[in-house]
Amino acid sequence: DIQMTQSPSSLSASVGDRVTVTCRASQSISFYLNWYQQKSGKAPKLLIYAASTLYTGVPSRFSGSGSGTDFTLTIGSLQPEDFGTYYCQQTYSAPLTFGGGTKVEIK
Amino acid sequence: EEQLVESGGGFVQPGGSLRLSCAASGFTLRSYSMNWVRQAPGKGLEWVSYISGSSATIYYADSVKGRFTISRDNVRNSLYLQMNSLRAVDTAVYYCARGYYQSGMDSFDIWGQGTLVTVSS
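From first to last, the protein sequence lines are chains P and E. The numbering used here puts the first residue of the first sequence at 1295, with every later residue one more than the last. The numbering used here puts the first residue of the second sequence at 185, with every later residue one more than the last.
The reader is advised that the hints may include incorrect statements.
[Said to hold, decoys possible] Straight-line C-alpha distance at most 16 angstroms; calculated EDC-like pairs for lysine to aspartate or glutamate:
1. P/K1401 / P/E1375
2. E/K249 / P/E1375
3. P/K1339 / E/D246
[Unchecked claim] A few chain E residues facing chain P, derived, Cβ under 8 angstroms:
4. F195
5. V196
6. Q197
7. F211
8. E230
9. Y264
10. Y284
11. D290
12. W295
Just so you know, these hints were derived from the structure itself, not from any lab. Glycine included, each C-beta is placed from N, C-alpha and C at the ideal position.
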């Protein structure tokens, strides 16, 4: 099984800050990497698929990069509504594993 | 509006069974693969099972293999998860999620609101 490791597990940043979350796969997954945002008590929302493609309607301050085993989610200028937990997910092979999540708090 | 609505969650004793349903509206279910994902209280997301549009391909997480069965009825526009031999560790909110196939890769673009399954004596 492919293990997905996210870091950090949590972070606190100010509005306007540039925020970076990393995700590492235990083996190469090419570009089969997705990012989701989840707010407390709500279903996750797709942000980025295929490592770097922004899903419809997602603000352009979100971006993704990477390939192989190392990936990054960047929020270019953190906004108050960006609080929540962010998850990476690989869809290279079953089981389709998620990372442990990164909780983003607004200072 | 494209939407998924889960139902069937509830309280069950260890060893018991439950059948979850996921009703799709606003789109034709048979055109999409579907998944179940769960989230234990205060924990992260765990993928549970995948089914292709034609039901020809099915995958399960090792944690549920042999106990859970995914199925779909494309005429009724519905997805199901039959859960048998339930354990306390299966306690979670269960989400159904639509497969979004773009650029040769899958992601999950539409999610239901979730249904809570509690396994306890």
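Violations among the numbered hints, reported as their numbers in ascending order:
2, 3, 4, 5, 6, 7 and 9
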